[in-house]
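Undergrad: One-letter residues, chain by chain:
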Amino acid sequence: MIKFLTKGLLRDRSRSLFPVLVITLTVAMVVFAIGFMRGTMNSLFLDTAVVFSGHEKIVTRAYNEENQLLPNDLALLDVDQLVDELGRDYPNYFWTPRITFAGLLDVPDENGETKSQGPVITLGIDLFSENSRQAEIWELDRVLVEGQIPQNRDDALISTKLADQLDLAVGETVTFIGSTMDNAFTTYNFNVSGTFNLRKGQTDKQMMLVDLSGARLALDMDNAASAIFGFTHSLYYDDEAAVALRTHYNNTISDSLDIFSPFMLALRDGNQMGTMVDVSGAMIAIMGGIFLVVVMVVLWNMGLMNGLRRYGEVGLRLAMGESKGQVYRSMISEAVIIGLTGTVVGTGIGLALTYYVQENGIDYTKGMEALSNSSMVMPNIFFAQVTPDLYYIGFIPGVLATVLGTMLAGLAIYKRETAQLFKELET
Amino acid sequence: MIRIFIALLFFTFLFGQADEVSVQDIIQVMDDNLNAKSRVMTSKMIVHGRRTSRTIESRNWVVGIDQAFTEYLSPPREAGTKMLKLYDKLWTYSPQTDRVIQISGHMLRQSVMGSDMSYNDMMEDRPLEELYEATLEGSVLIDGRDHWIMHLEAKVKGLSYPKRRAWIDKEYLLPMKEELYGKSGKLLKTSTMDGIKKVQGRWFPSRFIFKDELKRNSKGTEWHIDDIEFDVDIPESRFSKAKLRK
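The listed protein sequences derive, respectively, from chains R and H.
Here the working numbering is used: the first residue of the first sequence is 1, the next is one more, and so on.
Here the working numbering is used: the first residue of the second sequence is 428, the next is one more, and so on.
If we strip away everything but chain R, and leave its shape as in the complex, we get (with noise of 0.2 Å):
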């Protein structure tokens, strides 16, 4: 039966071919748009994540207490071994050892006497390490202005904010000055190999970045971190999961009577990023909702049409002898090949062109430079983002929406009387 109506749909054309061009490419639309919305908002979390929080964080309860005051003498300690075992016990998540400092950059002049001096935010990222993804979750090839990603332990990158305020150039040398993780006094010479631009606003307008190794030397940290970010591989932030993972985490790990504990927070748990995350979550689902609506409304206006244009035929197999009910099924089965075809062919579509614009992204950068002395974070490239849902998600309207459609045309069927089939179609 299914491979009869499928012959009649392929061979009259004008039952097939418009129907299911119509559904894939509004499938496609469908699967797309939420996957680029969902990339967009995770392409915003990722950036909070890779500077300040990853998608889980673990620091000791005493520096989670206190965290705006960079204590590192509350750093974590032993941190090889805990990145070992967390990789073991949550492999769907890299670790990977954090240090953020604050002090001074000092300057020298040719004679070594101070030039410039300026506050400094630095961050130790593990950059040498075999297999580490630091590099390409910062984009460093993509944000390097001059010069080279660091290649040594005392080699650093400047953002170009910093080097403009402090008259710094690719090449110099540059000591900080701060406190180590006992908070003594503590001088290290840095050289600059490369500036950076995150363009993102402020963030990076006292940034530096070096790697962990210079950073524990000039801090005096050797197996100690600030904190250790997690990161799931697909870099996708799935907000349950992380709170299920930092949840199970504290409640078994962690030791609440011990300060210096390892304590985990999930990216939602840093500054008002829990709002944010909702909001988020909410804006998804109602725009999301709306444009479900309105393509389910399309398509079963299309479903209806379709039964409604047909009026003509189901009059005349009636009049041949088919039952209401075998007309009636035999649309609906029809709807439903027609439906699926355009789902299939459309979700594929639709996923193939996300998951192009995931990999490559939409270049907003000039745009974006507009905004780029206001506070906010925000990214330059747009991502789209393929998660599981999208694989189903086109079913709704694509099969759901146009059956209905049918159905409802179709009713008509039953209104009609055999008694006055020949006289309408006589007319």
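Worth double-checking, as some hints may not be accurate.
Pulled a few chain R residues facing chain H out of the computed Cβ check, cut under 8 Å [claimed, not checked]: (1) L104; (2) P108; (3) D109; (4) G112; (5) T114; (6) G118; (7) D167; (8) E172; (9) T175; (10) I177; (11) S179; (12) N183; (13) F185; (14) Y188; (15) N189.
Partial list, computed: chain R residues near chain H (C-beta under 10 Å) [what the hints assert, rightly or not]: (16) D73; (17) G103; (18) D106; (19) E113; (20) Q117; (21) A169; (22) T173; (23) M181; (24) T387.
For lysine-lysine, the following BS3-like pairs were computed, each having C-alpha atoms within a straight-line distance of at most 25 Å [as the list claims (entries may be wrong)]: (25) H:K673 - R:K115; (26) H:K670 - R:K115; (27) R:K115 - H:K668; (28) H:K509 - R:K115.
Just so you know, these hints were derived from the structure itself, not from any lab.
Built from N, CA and C at the ideal position, the CB exists for glycine as well.
Use these hints to put chain H onto chain R, whose structure you have.
TA: Same frame as chain R, now just chain H:
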């Protein structure tokens, strides 16, 4: 009866005058005890961190209130680090970077070697008499020893601690305990001293304990004076920037 009343008034006035004079005397003797024309000392600073304690050994050369030179002797990471104070300027040299860096601005508020003392604390060496208006609030017995309670209010602007309260031992004439307050009246630091010994004719403590009251869970910093000599001839070259690199 009237005679007795007049006599009482007279004595009250007299003692009031005597108290006012004695406050100045007390401060002056206190300043004389703690400051000298010059001094050379070796000391240990035990910094009690929240996780561990560290001992930092140093040697200081001080002339008056305007010149001071410190060389850190241990631990290895700090050894060779030097500091020079000349009037209102402070430089530090670290052998790791081979740089002489002037510490100024908000860096002066930072802790010295992770201790509870800031660079500003090190810089404010001027006699109390010059900086504060003092009043006596009363007397109290502490560990069986008689102490005056003295309230000090800044008479010059820009001090780190515009208000202080000191408990001064009546025999040693040293502030055995001090509370240092900010402009708002908030307690910022406390200091105590003990192990009082007679050194070259003056009473001097062999241990100070400083505590930054703003640091949560701070256990304070002990400063042990191992060896001190007053009124030593120190060559002027000791206080040159060139000496920092040597």
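Undergrad: Give me the numbers of the hints this structure contradicts, sorted from smallest to largest.
TA: Failing hints, ascending: 3, 6, 7, 8, 21, 24.
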